[in-house]
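*Asks:* These are the residues of each chain, in order.
Number of protein chains: 2
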Amino acid sequence: MKAEIISIGTELLLGQVDNSNAAYLSRELASLGIEVYHHVTVGDNPDRLIEAVKQAEERVDLVIMSGGLGPTEDDITKKTMAEYLKVDLILHEETEDKIITYHKNSDFEMPENNQLQALILADSLALTNDTGLAVGMMLSKGGHHYVLLPGPPDELEPMVKNYLNEELVKHTLNEQVLISRVLRFFGLTEAQLAKRISSIIQSQSNPTIAIYANEGEITIRITAKADDEDKGNKEIDKIEEEIMSHLSDYFYGYGDKRLADVIKDMLLERDLTITAAESLTGGAFLSMLTSDLSAGSIIEGGLVTYSADKKNNVLKVTKETIEKYGVVSPECAIEMAEKSRKLFGADIGVGLTGVAGPSSLENQIPGTVWIGIAFKDKQSFSKHYHFGFKRNKNRMLAVLNAMELVRRVLLELPTENTVFYGEDKH
Amino acid sequence: MKAEIISIGTELLLGQVDNSNAAYLSRELASLGIEVYHHVTVGDNPDRLIEAVKQAEERVDLVIMSGGLGPTEDDITKKTMAEYLKVDLILHEETEDKIITYHKNSDFEMPENNQLQALILADSLALTNDTGLAVGMMLSKGGHHYVLLPGPPDELEPMVKNYLNEELVKHTLNEQVLISRVLRFFGLTEAQLAKRISSIIQSQSNPTIAIYANEGEITIRITAKADDEDKGNKEIDKIEEEIMSHLSDYFYGYGDKRLADVIKDMLLERDLTITAAESLTGGAFLSMLTSDLSAGSIIEGGLVTYSADKKNNVLKVTKETIEKYGVVSPECAIEMAEKSRKLFGADIGVGLTGVAGPSSLENQIPGTVWIGIAFKDKQSFSKHYHFGFKRNKNRMLAVLNAMELVRRVLLELPTENTVFYGEDKH
Numbered sequence: 001m002k003a004e005i006i007s008i009g010t011e012l013l014l015g016q017v018d019n020s021n022a023a024y025l026s027r028e029l030a031s032l033g034i035e036v037y038h039h040v041t042v043g044d045n046p047d048r049l050i051e052a053v054k055q056a057e058e059r060v061d062l063v064i065m066s067g068g069l070g071p072t073e074d075d076i077t078k079k080t081m082a083e084y085l086k087v088d089l090i091l092h093e094e095t096e097d098k099i100i101t102y103h104k105n106s107d108f109e110m111p112e113n114n115q116l117q118a119l120i121l122a123d124s125l126a127l128t129n130d131t132g133l134a135v136g137m138m139l140s141k142g143g144h145h146y147v148l149l150p151g152p153p154d155e156l157e158p159m160v161k162n163y164l165n166e167e168l169v170k171h172t173l174n175e176q177v178l179i180s181r182v183l184r185f186f187g188l189t190e191a192q193l194a195k196r197i198s199s200i201i202q203s204q205s206n207p208t209i210a211i212y213a214n215e216g217e218i219t220i221r222i223t224a225k226a227d228d229e230d231k232g233n234k235e236i237d238k239i240e241e242e243i244m245s246h247l248s249d250y251f252y253g254y255g256d257k258r259l260a261d262v263i264k265d266m267l268l269e270r271d272l273t274i275t276a277a278e279s280l281t282g283g284a285f286l287s288m289l290t291s292d293l294s295a296g297s298i299i300e301g302g303l304v305t306y307s308a309d310k311k312n313n314v315l316k317v318t319k320e321t322i323e324k325y326g327v328v329s330p331e332c333a334i335e336m337a338e339k340s341r342k343l344f345g346a347d348i349g350v351g352l353t354g355v356a357g358p359s360s361l362e363n364q365i366p367g368t369v370w371i372g373i374a375f376k377d378k379q380s381f382s383k384h385y386h387f388g389f390k391r392n393k394n395r396m397l398a399v400l401n402a403m404e405l406v407r408r409v410l411l412e413l414p415t416e417n418t419v420f421y422g423e424d425k426h
Numbered sequence: 001m002k003a004e005i006i007s008i009g010t011e012l013l014l015g016q017v018d019n020s021n022a023a024y025l026s027r028e029l030a031s032l033g034i035e036v037y038h039h040v041t042v043g044d045n046p047d048r049l050i051e052a053v054k055q056a057e058e059r060v061d062l063v064i065m066s067g068g069l070g071p072t073e074d075d076i077t078k079k080t081m082a083e084y085l086k087v088d089l090i091l092h093e094e095t096e097d098k099i100i101t102y103h104k105n106s107d108f109e110m111p112e113n114n115q116l117q118a119l120i121l122a123d124s125l126a127l128t129n130d131t132g133l134a135v136g137m138m139l140s141k142g143g144h145h146y147v148l149l150p151g152p153p154d155e156l157e158p159m160v161k162n163y164l165n166e167e168l169v170k171h172t173l174n175e176q177v178l179i180s181r182v183l184r185f186f187g188l189t190e191a192q193l194a195k196r197i198s199s200i201i202q203s204q205s206n207p208t209i210a211i212y213a214n215e216g217e218i219t220i221r222i223t224a225k226a227d228d229e230d231k232g233n234k235e236i237d238k239i240e241e242e243i244m245s246h247l248s249d250y251f252y253g254y255g256d257k258r259l260a261d262v263i264k265d266m267l268l269e270r271d272l273t274i275t276a277a278e279s280l281t282g283g284a285f286l287s288m289l290t291s292d293l294s295a296g297s298i299i300e301g302g303l304v305t306y307s308a309d310k311k312n313n314v315l316k317v318t319k320e321t322i323e324k325y326g327v328v329s330p331e332c333a334i335e336m337a338e339k340s341r342k343l344f345g346a347d348i349g350v351g352l353t354g355v356a357g358p359s360s361l362e363n364q365i366p367g368t369v370w371i372g373i374a375f376k377d378k379q380s381f382s383k384h385y386h387f388g389f390k391r392n393k394n395r396m397l398a399v400l401n402a403m404e405l406v407r408r409v410l411l412e413l414p415t416e417n418t419v420f421y422g423e424d425k426h
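Chains A and B, in that order, give the protein sequences. So in full-length UniProt numbering the end of the first sequence lands on 426, straight run, no missing numbers. So in full-length UniProt numbering the end of the second sequence lands on 426, straight run, no missing numbers.
Note that these hints are calculated values from the structure, not bench results. Any given hint could turn out to be false.
Which copy is meant is left open, because identical chains are indistinguishable; a pair holds if it fits in one copy or across any two.
What the hints assert, rightly or not - Straight-line alpha carbon distances no greater than 35 Å define the calculated DSBU-like cross-link-like pairs of lysine-lysine that follow: (1) Lys257 x Lys378; (2) Lys225 x Lys238; (3) Lys141 x Lys316; (4) Lys342 x Lys316; (5) Lys378 x Lys86; (6) Lys376 x Lys54; (7) Lys393 x Lys104; (8) Lys342 x Lys393; (9) Lys319 x Lys225; (10) Lys170 x Lys376; (11) Lys383 x Lys161; (12) Lys104 x Lys195; (13) Lys170 x Lys141; (14) Lys195 x Lys98; (15) Lys234 x Lys257; (16) Lys161 x Lys342.
The shape of chain A in the complex, shown without the other chains (with noise of 0.2 Å):
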């Protein structure tokens, strides 16, 4: 099957938005082995809306189009549909009784024209909105099959995946089913990844396989065609295990989770708590740690001591550490993780000193890392990474590193590969 995704909005064409949902839509349709060779963008016209549908037609099977189903004026899409496929609107009662409770429960008051998110074109699948009131729909008609979703993401998203793809998977699997695993790795860039296991890229039909890369960790998704989940599973089992004989290393996961939820789940199951003492950091590694509400089980708090001078009055850093050898140092990174531990009574104390640039800083270069772990009764040591990027992504990867070094120690497993980021040669 082949799609074409047709994204209505003026503000798209303003550019008061991005349109992330094309790019959604297009990975959810990959996965579904449905290919997508046009991404069409054009304002809340009717004229231009049935111009790009018709042409739409001509080129493939299932027409997705996003945006346009709200209450207001500019919302034309539904009756811009019903006009040129010359069916009617009907009531959605489920969504008019939806909305009808949405207002007695808010202070808003319901505006007259709120009931048209509630009207759906005849004949067609309604499809449920999670997370707002317009409702979806899906209808069939003259060899074509025409999909209308809400514009706002966290509406559209919820419903590809919750309802969509269900309806989606019917008409193009025959009876097979859909599996997809997703394995996420950390420790290499995307190409350095992609470049492990390019000779299993190369020759993947089914199953499938994406690489994602988002802020420093990499997902492989894995989805395969089969005649039932087992059958599908064991394809990607095996296809799981050619990848991992490349890149097991740098596994951290599967699913969702990102490598702060890992951590945080490891340190929950183990009833242990952690802080830090943050220099180039500057809190930003407490912050992730706390963005979620497992939090108050596992940090009761941790330090930002970005002078020198703090490091010793408040850390308790000594002096001749800090004289000796230097903020930017090995000594100094594990002297922090010690002392944050002991001040802040944790089971697992970080610490985390560096260059993060532009500038450099006792004659070391920007990117230079130095991450301490201070553990229980275990020896405490320090790890040396070098980060050549710009100041904020120096940052964030010595957020990242200290967040895998504290999952290798949590599983004694090696701290040595944990490095590898070369130079930013842009």
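Since chain A is already given, all that's left is putting chain B on it; use the hints.
*Replies:* This is chain B only, laid out in the frame that chain A set:
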């Protein structure tokens, strides 16, 4: 003049990257008064690129292409356009020199095909790439203008800003000039801001105004076409005055500087230092303040005290305060501010405490926040906020409102009307 934006790249159709270039180009074109009615995305496929270009030629004068200028086989844009427009590809010597010099100064060997990036369409105007190797170009032929830009946003954006806009101005303005000014606001939502100046928005023609929201901050860009700079600025002054009559309470600055940058500049200028004790924000306030190079002069460190116990043990907030008033209280926020100021010997101490959510704390609902300020020998105070959003947005708004509170204290502005966010109804 009308334009169409064609984005080229199979990675876009697979959804591996968001198409931020189309949005960026649209904003720039809108500010030049050039209308855009279509965005089209195609893969690295010559036939589909030519089909898209032909269609664009029927609709517009200016065809802007991005992507496919790199050195690899799937970079097809120049070759395809050269064949389609029947012009030669010739060597751009300046770019060739740059590529050679670049490889001399790096550890990378120059690949054979790297010089492909130095080829341009004959008779085209070269557009310098300040941040990468692939040269851009603009060619006028047969009544159309064709622009070829590199795909990476960090190369495309400077090329547009520094070189392309100037060329386009020549073709669109007939001796006129185009002047822009950006006003920055904090403390209300985009919808609230738009409502307050809706009459101005509706009556705009020249100057035009464009509103953008970005992580809690909102900008208005005013753009005027005029016979000369002086006249343009006078037009802008007039609209600015009108806008400010509705929004001056929320205005904090001009240009590119975000709220945190404005605070940092003020602290630097006045030779003041700042610190913080963070509870619900867990280090995010300190992390934002240390995110650029000026950090060393304005901040020596700070504390994250997530648990009540560490607020007392480490920060020395009294047990009495915690037991009598609770940790989510004006008294605790003030004491956190004062004690952190003392511990780090800073001029300003900021205390952030509250309920990030999703659970309640001390019977206070998520989104409840107290921010305390201790500033030298002035009376310390704390301010109450309620953000009815999800955990991470509540944390982000607490950080930004703390920045705004510091700004108001430094400028001796009233601190009442800094709270504003209503409940998130979704």
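*Asks:* Would you mind marking each hint as holding or not holding in the structure?
*Replies:* Status of the hints after comparison with the structure:
When the C-alpha separation of Lys257 and Lys378 is checked against a cutoff of 35 Å, the pair qualifies only within one copy, where the shortest distance is 28 Å, while the shortest distance between copies is 46 Å. Within a single copy, Lys225 and Lys238 get their C-alpha atoms as close as 14 Å, which meets the 35 Å cut-off; across copies the closest is 63 Å, which misses it. Within a single copy, Lys141 and Lys316 get their C-alpha atoms no closer than 74 Å, and across copies no closer than 71 Å, so neither meets the 35 Å cut-off. Proximity of Lys342 to Lys316 under the C-alpha cut-off of 35 Å is found in both arrangements, the shortest distances being 10 Å within a copy and 16 Å between copies.
Proximity of Lys378 to Lys86 under the C-alpha cut-off of 35 Å is found in neither arrangement, the shortest distances being 74 Å within a copy and 71 Å between copies. Proximity of Lys376 to Lys54 under the C-alpha cut-off of 35 Å is found in neither arrangement, the shortest distances being 68 Å within a copy and 69 Å between copies. Within a single copy, Lys393 and Lys104 get their C-alpha atoms only as close as 47 Å, which misses the 35 Å cut-off; across copies the closest is 26 Å, which meets it. Taking CA atoms no more than 35 Å apart as the test, Lys342 paired with Lys393 passes in both settings, with 30 Å inside one copy and 32 Å between copies.
For a Cα distance limit of 35 Å, the shortest separation of Lys319 from Lys225 qualifies neither inside one copy, at 63 Å, nor across copies, at 61 Å. In this assembly of identical chains, the alpha carbons of Lys170 and Lys376 never lie at most 35 Å apart, being 54 Å within a copy and 68 Å across copies at closest. In the homo-oligomer, the alpha carbons of Lys383 and Lys161 never lie at most 35 Å apart, since the shortest distance is 41 Å inside one protomer and 42 Å across protomers. With identical chains, the CA atoms of Lys104 and Lys195 are at most 35 Å apart between copies only, with a shortest distance of 24 Å across copies and 57 Å within one.
For the identical chains of this complex, Lys170 and Lys141 are intra-copy neighbours only, at 16 Å inside a copy versus 49 Å across copies, given an alpha-carbon limit of 35 Å. Within a single copy, Lys195 and Lys98 get their C-alpha atoms only as close as 50 Å, which misses the 35 Å cut-off; across copies the closest is 27 Å, which meets it. Taking the shortest Cα distances, Lys234 and Lys257 sit within 35 Å of each other inside one copy (23 Å), while across copies they are farther apart (54 Å). When the C-alpha separation of Lys161 and Lys342 is checked against a cutoff of 35 Å, the pair qualifies neither within a copy, at 46 Å, nor between copies, at 52 Å.
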